[in-house]
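With the hints as extra help, turn the sequences into a complete structure.
The residues making up each chain are set out below.
Number of protein chains: 2
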Amino acid sequence: MNDPYVLVNDDLVPEKKASLLVSDLVIQRGYGIFDFFKTLHNIPVFLEEHLDRFFHSASQMRLSVGKDREELKALLHTLMEKNSIPDSGIRLTLTGGYSPDGYELVKPNLVITQKPLPLLSGEIFQKGTRLVSYPHQRQMPDVKTIDYLMAIWLQPFIRQNKADDVLYHREGIVSECPRSNFFIVTAAGTLVTPSRNILKGIIRMKVLELAASQYQTEERDITLEEVRTAKEAFITSTTRHILPVFRIDDQVIGEGQPGKVTAWLSNELERVVTIAAPGSATPAF
Amino acid sequence: MNDPYVLVNDDLVPEKKASLLVSDLVIQRGYGIFDFFKTLHNIPVFLEEHLDRFFHSASQMRLSVGKDREELKALLHTLMEKNSIPDSGIRLTLTGGYSPDGYELVKPNLVITQKPLPLLSGEIFQKGTRLVSYPHQRQMPDVKTIDYLMAIWLQPFIRQNKADDVLYHREGIVSECPRSNFFIVTAAGTLVTPSRNILKGIIRMKVLELAASQYQTEERDITLEEVRTAKEAFITSTTRHILPVFRIDDQVIGEGQPGKVTAWLSNELERVVTIAAPGSATPAF
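Chains A and B, in that order, are what the protein sequence lines are.
Going by numbering that gives the first Met the number 0, the first residue of the first sequence is number 0, and it counts up by one from there.
Going by numbering that gives the first Met the number 0, the first residue of the second sequence is number 0, and it counts up by one from there.
Hints were generated in silico from the structure; no laboratory data involved.
Which copy is meant is left open, because identical chains are indistinguishable; a pair holds if it fits in one copy or across any two.
Straight-line distance between alpha carbons at most 27 Å, and here's what the computed BS3-like set of lysine-lysine pairs gives: (1) Lys199 x Lys72; (2) Lys15 x Lys106; (3) Lys15 x Lys66; (4) Lys81 x Lys114; (5) Lys161 x Lys259; (6) Lys66 x Lys114; (7) Lys230 x Lys126; (8) Lys106 x Lys161; (9) Lys161 x Lys230; (10) Lys16 x Lys106; (11) Lys66 x Lys16; (12) Lys81 x Lys66.
Have a look at this one:
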C-alpha cells in the first residue's frame, strides 16, 4: 500500500511528511483532544455520534474546531477519496496550537489521519482478553484527551501480570480501561457498567441501547469485589466492539469462554454495525 | 532578533521549520518529558542539576535519551553558539517517538529550543503573586512530564479568582503550583515545603540548602489550614527564582509585602546564581 495521506488543517500531506511545529501546545504541554471512528466498506460507522463527542471534547477543553460539522464531513470525504482505504480507522486530533509563550491556548491545529484497520474476526472474540486492575483516575474523564501517559507507562506492568490491558479503579471503584469501557453481568443477570469518571464510549452507548430490550441494565458504581463475583465481563471499544474478559487479576470470570449475554450483545452489535455500513463501495455521506 | 535555531535530534533547524511528525507519541498520546534551565551571560545556570533531573525523568518514563551527558552538553554548546542569546531559557524535550501503532514506545525524539528570557527585576519580586487553590494531583509527580492539561485548562478559573496561578492540593494537603514549588514560613519561623507528590525543583533544592544555615527547615505535608496561618509564603521556579505569595484564595498572607525570610532567601539565592554565572561572555562549559 502507498503511504496514506493525512490532513493537516486543510492540506493533504503524505503521512511521512505530516508534521506539527514543535511550538504546538500538544508537544509543549500535552494539550489536545481526539476522536476515532471506523470505516467499513468506505462507510464511516456511527459518524454522527463520534462527531458529537469530538465537538463536545473540543468545547470542554476550550478548543475551537474552526469548522462546522458539514465542513468537517467534507474534509473526511476528501481524505477518504484520496486514500481509498475501505476498512480503516480515522482519527481527528485537535491541538492547543502554536502558542508563542508555550502556555496560552491559541488557534488549534486539526490533524486527520486514516489507517487500514483489519476486520474483526470470531477468533479474536473467542480468545477474549485478560485485565489487571490498577489504581488510577484519568483527569478530565469525560473528555477524549490525548493523555495516555499512565496507559503507556503501564505496559510492562501489564505484561508482568500476564494481562492484555489494565482496568483502572479508584479506591476499589472500577472505571474503565484506557481505550475501552467495562461491563459486567451480575450473578442475578443484570448488565452493569460504570456511570461516572469515565469516557462514554460510542459502543458503550450502543450496547446499553441494545441490551435494554432484553436485560435489566444499570449505570452505577461497580466495586472490584463485585467484579470478582460477576457471571460475565466484557469491554467495548470502536476498534474491537465487544471483547469478553476471561480474567481480572487472579480471578477467572465466568467459565473462561464468552458468556451468553456477551455473545448475544456481540451478535446484536454486529447486526447494527452491518446496518450502519451495508457494504457500499463508495463514501456515502 | 532572528528566528532562533532549534535542535531536532542532531539537526539545527530554524524555529519556524522545527517540527515532529504527527505519528510521534507526544502528539498521539501526550507521552513526553522535558527540562528547562536558564542561561545568564551565556552560562547555563545549575546545568548539572537540570541534566540529572532530565535523565531521571527519561529513565522513569522508560525513554532513552540516546546521548550521554557529555554529548548532550556538546549539543547545547552548539545550539548556544549558533543562537547567541546570552540570557535565555533552554528547553530539552524528549518524546515517545514515531510509533507505528500509536501506542508502543519507540526511539524517542529529542528537541532542544532556546528563547530569550528577560532578566528578573526587583519590581517583579516586590509585586509578588496571588494563588488560588484547586484540588488536583499531577500523575507521575516526581517526573517532569509534558502533562499540563489541568494547568492550562484552569487559566480562566485562575483569572476569575483574580489570581496569578493555581496551588494544587489533595484533600486539603497542598503540593505545588504547575510550574513552581511552594514554601511557607510558619508562625514559629520554620521554613516548610511539601515533601511528597511534587516535582522537586532545582531552585527548591537550592533554597533548602541556603536556608539550612539560618532557619529550621522541614519537608513535610502542609494543610490548606496551616497555609492560612503562615507568616510568609513564596514559590520557587527556574524562571522566577523566589516570588513572594501575598494572597491564597481569600486569605492575605503576611503583610502584603515580601517577608523577612523570603527577602533573605531571595538575596542569598541571587548571590548563588551570580557565582554560578559570573558574567562571562562566552559559553563556559
